[in-house]
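*Asks:* Okay, here's what each chain looks like letter by letter:
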Amino acid sequence: MSLLEMTALTKRFGGLTAVSNFDLRLDAGEIVGLIGPNGAGKTTAFHLIAGFHEPTSGEIRFKGASIVGFKPHAICQLGLARTFQIVQPFAGLTVTENVMVGAFNRERDAAAARRLATEIVDFVGLSPRRDMPARSLTLSDRKRLEMARGLATRPELLLLDEAMSGLNPTEIDGIIGLIRLIHARGISLLIIEHVMQAIMALSHRLVVLHHGEKLAEGTPSEVARDRRVIEAYLGEEP
Amino acid sequence: MAALIALPPLLPKYHLEVLISVVFWAYLGIAWNLLGGYAGQFSFGHAAFFGIGAYTSTLLLLQAGLTPWVGMFVGGGLAATFGLFEGYLSFRYGLKGPYFSLVTLAFAEMLRVVSLNTKAVGSSLGLVVPSATAAPAMFMFSGKLPFYYVILAMGALALGLTWRIGRARLGFSLAAVRENEDAAEAAGVDALAAKLRAMALSSFLTALGGTFYAQYFAYIDPTITFGPSVSIGALLPAIVGGAGTVLGPVLGSFVLTPLSELTRYALRGRAGADIMLYGAVLVLVISFLPQGLVGFVRARRGGAR
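Read top to bottom, the protein sequences are chains C and Y. The numbering of the first sequence is the numbering used here, which starts it at 1 and goes up by one. The numbering of the second sequence is the numbering used here, which starts it at 1 and goes up by one.
No lab work stands behind these hints: they were computed from the structure. Check the hints yourself; a few may be wrong.
[Stated by the list, open to error] Covered stretches of chain Y, as calculated for chain C (at least 3 residues, CB under 8 angstroms):
1. 164–176
2. 181–191
[Claimed, not checked] With a cut-off of at most 20 angstroms between alpha-carbon atoms, the simulated SDA-like pairs for lysine to any residue come out as follows:
3. C:214 - C:71
4. C:71 - Y:192
5. C:71 - Y:193
6. Y:144 - Y:299
7. C:71 - Y:95
8. C:71 - Y:182
9. C:63 - C:74
10. C:71 - Y:180
11. Y:96 - C:53
12. C:71 - Y:134
13. Y:96 - Y:106
14. C:71 - Y:96
15. C:71 - Y:88
16. C:71 - Y:144
17. Y:13 - Y:193
18. C:71 - Y:196
19. C:71 - Y:93
20. Y:13 - Y:134
21. C:71 - Y:191
22. Y:119 - Y:64
23. Y:96 - C:52
24. C:71 - Y:7
25. C:71 - Y:179
26. C:71 - Y:223
27. C:71 - Y:89
28. C:214 - C:235
29. Y:96 - C:91
30. Y:96 - Y:10
31. C:71 - Y:64
Keep in mind that this is a model prediction, so the values were computed, not measured. Note that CB positions come from ideal geometry on N, CA and C, so glycine has one too.
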């Protein structure tokens, strides 16, 4: 049984088909990269999985059960957490308090939630900033905070939406290291990323979306050689 | 706190009345703050709950002889039910910010107009609450002092409740919803449920304040209880003091209520001038202290929040 399984997933916004007939399977323990040019429908696919949009048609199963029509918080409580492409910290709360919001899904008691949050803040490398308001963090730290908030909900699958965009090479290396640590904890990942060397290095399997449809799927090296993928990214040869 | 308990018996009557007023508006501010401050859902129509509380306990007293001590909780329950109805309609359809404020204002105005035109609840003549004899079991006292201790106890309990919520899961859920609802949902917060809880608690507490008002002033009418002045009076202490903080509404009321008394006294005889001055002071406070007094103090202390 796959951890996440989408079949014939389609989302239309009026006349625009953002995601069309999309199949994707992710097994427990996998890191799957979702790539594609801008506007390919990657973020829409994330919104569909996490319950922020309802699919026009198709099926999404998590741990074997359909999650279509579930609200985002319910999906999160099942063990499927996400981060946002545009980071969305609770700006007025401290780093620890941000993470506690997630931790309360697993710990009813405030002291226990704070312990779990402190542990996660430490894990993502934010302990020096734990009592600072989230609004004062750098972009790189905000990306870490997004992950920490997701991790505090104790997910089995974490969706990362461009966790590295806008970061410098050193910061990118830091995030790659963090994603490896997250995976080592036994958490499966589905990652949208434009930073190619990162997603090539991290992913066990790549899925390429183009105009809302699956263009190619395979190991990073297979996909990198795929003629259709090269054309989608660079345009056709004259 | 000790001074608030020990000193009032020594105060002259007028000062005691001002102090009751201070604590009363602080109490309504605390109740409003749960929804408007913590949950960030800016109600402009808390008079609806206030009026439901005042009318429920008073009608039960007049028609059935039920003591307001019990009637206030019936009113609280009714107000909470009405609040849940209002909240569900608004939140279910994603109304936020000013749209939510307008819905709450509309519901309060609707109740005001309905009660103005309903003979069974006294229409525009209002209802007179019996107050000639002291009967503590019926929430009737001789003199102001017992009323002071009643509202002080209500304020202290509401404050304690706010403090506990702020440190518990609900407080974190509300703060998350206030800051960013999508991110809150993504972090497993049931935003609708959290907002409805805040709505129920806030409207329940506000209704108890309505009963207190009815017993203390011994008279209610639709314009007083369902009118905008109660809605504004409930939100101002919280906003001026610091919305979403435990002590904000208390601080706000201790500044605002005497200020409104002072301006009324200083400008007596010139109808409306005191309200204009009061309004000008409010504009200044909101322009220069957008985080409220508590936020200002925290910033001066250099605290993280």
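*Asks:* Does each hint fit the structure? Answer for all of them.
*Replies:* Now the hints, each set against the structure:
Only residues whose beta carbon comes within less than 8 angstroms of a beta carbon in chain C count, and the segment 164–176 of chain Y has 7; three or more means the coverage holds. Given a C-beta distance limit of less than 8 angstroms, the hint that chain C covers the segment 181–191 of chain Y holds, as 10 residues qualify and 3 suffice. At most 20 angstroms may separate the alpha-carbon atoms for a hinted pair to count; residue 214 (chain C) and residue 71 (chain C) exceed this at roughly 26 angstroms. Between residue 71 (chain C) and residue 192 (chain Y) the alpha-carbon distance is near 10 angstroms, which keeps this suggested pair within the 20 angstroms criterion.
As the CA atoms of residue 71 (chain C) and residue 193 (chain Y) are separated by approximately 12 angstroms, the hinted pair is consistent with the 20 angstroms bound. A hinted pair counts as satisfied when its Cα atoms are at most 20 angstroms apart, and residue 144 (chain Y) with residue 299 (chain Y) does not qualify at roughly 39 angstroms. For the hint linking residue 71 (chain C) to residue 95 (chain Y), the alpha-carbon distance of about 17 angstroms falls within 20 angstroms, and the restraint holds. Straight-line distance between C-alpha atoms of residue 71 (chain C) and residue 182 (chain Y) comes to about 11 angstroms, which keeps the hinted pair within the 20 angstroms bound.
For the hint linking residue 63 (chain C) to residue 74 (chain C), the alpha-carbon distance of about 14 angstroms falls within 20 angstroms, and the restraint holds. Restraint check for residue 71 (chain C) and residue 180 (chain Y): satisfied, since their Cα atoms lie roughly 16 angstroms apart, inside the 20 angstroms limit. Restraint check: the Cα-Cα separation between residue 96 (chain Y) and residue 53 (chain C) comes to about 19 angstroms, which is no more than 20 angstroms; the hinted pair holds. Taken as a hint, the residue 71 (chain C) and residue 134 (chain Y) pair is broken in the structure, with Cα atoms around 55 angstroms apart against an allowance of 20 angstroms.
Restraint check: the Cα-Cα separation between residue 96 (chain Y) and residue 106 (chain Y) comes to about 15 angstroms, which is no more than 20 angstroms; the hinted pair holds. As the CA atoms of residue 71 (chain C) and residue 96 (chain Y) are separated by approximately 18 angstroms, the hinted pair is consistent with the 20 angstroms bound. Pair hint residue 71 (chain C) plus residue 88 (chain Y) holds up; C-alpha atoms about 16 angstroms apart against a cutoff of 20 angstroms. Under the criterion of a C-alpha separation no larger than 20 angstroms, the hint pairing residue 71 (chain C) with residue 144 (chain Y) is inconsistent with the structure, at around 52 angstroms.
For the suggested pair residue 13 (chain Y) and residue 193 (chain Y), the alpha carbons sit about 45 angstroms apart, so the restraint of at most 20 angstroms is broken. A hinted pair counts as satisfied when its Cα atoms are at most 20 angstroms apart, and residue 71 (chain C) with residue 196 (chain Y) qualifies at roughly 16 angstroms. Taking the CA atoms of residue 71 (chain C) and residue 93 (chain Y), the gap is about 14 angstroms. The hint holds against a cut of 20 angstroms. For the suggested pair residue 13 (chain Y) and residue 134 (chain Y), the alpha carbons sit about 18 angstroms apart, so the restraint of at most 20 angstroms is met.
Under the criterion of a C-alpha separation no larger than 20 angstroms, the hint pairing residue 71 (chain C) with residue 191 (chain Y) is consistent with the structure, at around 10 angstroms. Restraint check for residue 119 (chain Y) and residue 64 (chain Y): satisfied, since their Cα atoms lie roughly 17 angstroms apart, inside the 20 angstroms limit. Restraint check for residue 96 (chain Y) and residue 52 (chain C): the C-alpha separation of about 17 angstroms stays at or below 20 angstroms, so the hint holds. Restraint check: the Cα-Cα separation between residue 71 (chain C) and residue 7 (chain Y) comes to about 54 angstroms, which exceeds 20 angstroms; the hinted pair is violated.
Among the hinted pairs, residue 71 (chain C) with residue 179 (chain Y) is consistent with the structure: their alpha-carbon atoms are about 19 angstroms apart, no more than 20 angstroms. Of the supplied pair hints, the one linking residue 71 (chain C) and residue 223 (chain Y) is violated, its CA atoms being roughly 42 angstroms apart against a limit of 20 angstroms. Under the criterion of a C-alpha separation no larger than 20 angstroms, the hint pairing residue 71 (chain C) with residue 89 (chain Y) is consistent with the structure, at around 18 angstroms. Under the criterion of a C-alpha separation no larger than 20 angstroms, the hint pairing residue 214 (chain C) with residue 235 (chain C) is consistent with the structure, at around 17 angstroms.
A hinted pair counts as satisfied when its Cα atoms are at most 20 angstroms apart, and residue 96 (chain Y) with residue 91 (chain C) qualifies at roughly 19 angstroms. For the given pair, residue 96 (chain Y) sits about 47 angstroms from residue 10 (chain Y) by alpha-carbon distance, which is inconsistent with the 20 angstroms threshold. For a cut-off of 20 angstroms, the pair hint linking residue 71 (chain C) to residue 64 (chain Y) is broken: about 46 angstroms separates their Cα positions.
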